[in-house]
Every structure is written in C-alpha cells, then in structure tokens.
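If you're matching them up, the sequences are chains A and B in order.
Per the UniProt record's numbering, residue 1 is the first one in the first sequence, and the count goes up by one each step.
Per the UniProt record's numbering, residue 1 is the first one in the second sequence, and the count goes up by one each step.
Read the hints as simulated data drawn from the structure, not as lab findings.
Using N, Cα and C, we set each Cβ at its ideal position, and we do this for glycine too.
There may be inaccurate statements among the hints.
Claimed, not checked - Covered by chain A, per the in silico footprint, the following chain B stretches (three or more residues, Cβ under 8 Å):
| hint | segment |
| --- | --- |
| 1 | 75-81 |
| 2 | 158-168 |
| 3 | 215-226 |
| 4 | 258-268 |
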Amino acid sequence: MNINVTLIGELIAFVVFVLFCMKYVWPPLMGAIEERQKTIADGLAASDRAAKELELAQSKATAQLKEAKAQAAEIIEAAKKREAQLVDEAAEKAQAEREKIVASGYAEIESERNRAKEELRAQVAALAVVGAEKILERSIDAAEHSDILDKLVAEL
Amino acid sequence: MAADTGSYIKHHLTNAKMCTVDGSVAFNKACADAGFWTLHIDTLLWSLVLGLVFLLTFRSVAKKATTGVPGKLQCAIEMIVEFVDTSVKETFHGKNPLIAPLSLTIFMWVLLMNAMDWVPVDLIPTIAGWIGATFMGMDPHDVYIKSVPTTDMNMTFALSIGVFFLIIYYSIKVKGLGGFTKELTLQPFNHPAFIPVNFILESVTLIARPVSLALRLFGNLYAGELIFILIATIGLFQLPVHFLWAAFHLLVIPLQAFIFMMLTIVYLSLAHEDH
Numbered sequence: 001m002n003i004n005v006t007l008i009g010e011l012i013a014f015v016v017f018v019l020f021c022m023k024y025v026w027p028p029l030m031g032a033i034e035e036r037q038k039t040i041a042d043g044l045a046a047s048d049r050a051a052k053e054l055e056l057a058q059s060k061a062t063a064q065l066k067e068a069k070a071q072a073a074e075i076i077e078a079a080k081k082r083e084a085q086l087v088d089e090a091a092e093k094a095q096a097e098r099e100k101i102v103a104s105g106y107a108e109i110e111s112e113r114n115r116a117k118e119e120l121r122a123q124v125a126a127l128a129v130v131g132a133e134k135i136l137e138r139s140i141d142a143a144e145h146s147d148i149l150d151k152l153v154a155e156l
Numbered sequence: 001m002a003a004d005t006g007s008y009i010k011h012h013l014t015n016a017k018m019c020t021v022d023g024s025v026a027f028n029k030a031c032a033d034a035g036f037w038t039l040h041i042d043t044l045l046w047s048l049v050l051g052l053v054f055l056l057t058f059r060s061v062a063k064k065a066t067t068g069v070p071g072k073l074q075c076a077i078e079m080i081v082e083f084v085d086t087s088v089k090e091t092f093h094g095k096n097p098l099i100a101p102l103s104l105t106i107f108m109w110v111l112l113m114n115a116m117d118w119v120p121v122d123l124i125p126t127i128a129g130w131i132g133a134t135f136m137g138m139d140p141h142d143v144y145i146k147s148v149p150t151t152d153m154n155m156t157f158a159l160s161i162g163v164f165f166l167i168i169y170y171s172i173k174v175k176g177l178g179g180f181t182k183e184l185t186l187q188p189f190n191h192p193a194f195i196p197v198n199f200i201l202e203s204v205t206l207i208a209r210p211v212s213l214a215l216r217l218f219g220n221l222y223a224g225e226l227i228f229i230l231i232a233t234i235g236l237f238q239l240p241v242h243f244l245w246a247a248f249h250l251l252v253i254p255l256q257a258f259i260f261m262m263l264t265i266v267y268l269s270l271a272h273e274d275h
C-alpha cells in the first residue's frame, strides 16, 4: 500500500476538474446539442406540416378542376342549345321573309298583267274602231254606232 | 537475467517520489522514510496533463460550438457528451446539475489515463532517464516514471473517495441526517434490537462502494500494465504478443472508464432515493 499525500492532491484536482467541467464545458455543449435537436425537430415538424398542406392543396385543386370542368361542360351545353335555337329562329324568319317576298312578287305580276290587259283592250278597241272606219268609210257615224262598238269592246 | 528482469519490472512499477527531508526537497530513494508525506509527482503530472487535455479540448469545442452544422471534432465530442448524458438519464431520474458533468469528467479522465497503457512501456521511462541523466546529472536507473496514473492507488482512491463524499453529502441532503441514520440502522432488519447488526451490515455496504470502485480500476490497469512490462522482457517475440495485448486493451480501457462512471451514477442515484 502506497497511500500518501498524492491522494489529497488528486482529490483536489478531481474537484477542480469537475467544477470546471460543470461550469464551462457541460452547459455550452449540452446547450448547443439541445438547440440543434430543437431546430431539427422543428424542421421535421415544418416539413410534415408542409407535406400535409401540399396534400390538402392538391385535393383542393383537383376538386376545383373537376368543378371547372363541369361548369365548362354546362356552358358548352347551354351554348349549343342557344345556337340551335338561333338557327331555328333565323330559318323561321327567312322562311317568312321568302313567303312575303314571293307573295308580293305574285301580287305585282298580277297587277301588271291586269294593267297590260286593260291597256291592250283599250288599244284593240281603238284599233277595231280605226279598222271599221277604214272599211266602212263614211257609212258609219261614230256617234250613232258607239253603243255597238262598246258592246264589241266589252266582248274582247 | 532473472535479477535483471526483476529489477527492470520493479523499476517500471516505481513511482517518482518527492518529499521534504530536513526542510529541503528530496526525490525518490531519499523519500523511503517519508511515509504519508510523499508525493508521486509522475502520477500527479500525467493525471493533471491528461485532465487538462480533456478539459481544454472540450472547452475549446464548447466555446466554438455552433448549433448549426457541427465540425468533425465537435461531432466527436458531442457524441461522447450525448453518450454520457444518455447513461445518466437512463439511470438517474432526478434533477441534479452535478451528476452529468461529474460523469463526463470521470469517464474522459479515466479513459485518457487508462489509455496511457498503450504507450510502449519503455518509451517514457527512457526519455525521462535521458533527460534526468543529461540535464540533472542523475543516474538513469534512479529516474522513475510511471506513466499510467490509474495504476497508482492514490489516483483511483482519490476518485472513489471524491465519489464517496458525494454519496454521503447527497444522502444527508436528500434524506436528512435522521433519514440517513435510519437507513444505516433500520435496514435490512427493521427492529430496534437489530440496530448494531444493521449498522455493521450497512456500513460495510457503504464503505465497500468506494473501495471496490478504486480497487477494480487499480487492479485492472495495474495488472494490464504489469503484463505489458512482462511482455517487454521476452525479446523479439514481444511484438506480436504486445500487439495482441494492446488490442485486448481496446476493450479494457474504455470498459473500466465506463464501469467507473456507471457505478458512480448508480451510487449517486441510490443516495437520492428515499425509502
């Protein structure tokens, strides 16, 4: 056994070392470790949160896209309906117009023909009178025989 | 050869001593009669140097410790700190700011002191002998230096007695003087008639803690160092054998440091437990 005063020296050294370690070594190291652990944990939590948010946003976007597609289909449907309606309306209008134009054309033609007929009748009467005059020479008094002429004209 | 080997081993196992004889400082053989008032300057020197290596390295890292991406040295030191912290938290379930730094100091200091085991046994004594002979005019055979402080019982007992004081201090602080006395006298047989028996049993238990702590560490390292010295005496064959023994000490050195730390935590946690 060689126990001697070295033991007391080492004991003092031990106490001093432990106190130094407790004051100047352990707290800053542990502080750094704990702070980094916190940072990492926060980062992981944030990334988790972000992933969840992304998922939510994606599902939201999908839903919106679906809705938009449905709306677009609805709009297209309505437009098609309206288009058909417009075409029908236009066709109807055009038909009516045509009928009107055709009818007015017929009427005009009729009136023109009547007028021409009237004119022709008058001219034929005149011609008949002139012809008869020429044939009968003075034997016929125009005033005396006008009633016969009128009858003739009416027969034409 | 036998006498040579004997004196060689004895030389390697002798501490450098310092004492005062007749009012002046004396060394080594002159200190044979100094008894308790002898100082093992090699133990003191190496333990202080190694303790300072530990503390200054850790302190320099602690000062520069960043909470961002750590460097390699910081990583290594943080691994040790984490390891000690985990060991403490697993065993000690109280709040005590002393236990963790105490455990770290014990672990690192004992680890470094044990690691001196790996230094070839002749290297430091030869250098010391040369310095003694060249600069101080000493006979190199009279220059002693034992470079593994934990092979000196003064060192291991200093540690374990420090721990023992803490056990007593926290026992009294947590349980009160009465509680501590009760623990010593009313266990394991809770009857007034058994108080002396209980006291003897519990005292032995209490005293056995520092003694076993110190002797376990001392015994392991002393034996390890002794074998290294024996291997050094067998000639050329020592190289592979030395390598094997050193490789084996890869286990012994950290294990002994770990056991010392772990038992310290366990004893202190027992001291904190109130029955």
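### Query
Are at least 3 residues of the segment 215-226 of chain B within less than 8 Å of chain A when you compare beta carbons?
This one is violated; 0 residues, fewer than the three required, reach chain A with a Cβ under 8 Å.
### Task
Go check the segment 258-268 of chain B versus chain A for me, would you? Three or more residues, Cβ under 8 Å, otherwise it fails.
Contact hint for the segment 258-268 of chain B vs chain A: violated, 0 residues under 8 Å.
### Message
Quick check: do three or more residues in the segment 75-81 of chain B have a beta carbon closer than 8 Å to a beta carbon of chain A?
### Response
n = 3 at 8 Å, threshold three: holds.
#### Entry: Coverage claim, chain A over the segment 158-168 of chain B, checked by counting residues with Cβ within 8 Å (three needed)
Holds, because 4 residues of the segment 158-168 of chain B bring their Cβ atoms closer than 8 Å to Cβ atoms of chain A.
In summary, the numbered hints that this structure violates are 3, 4.
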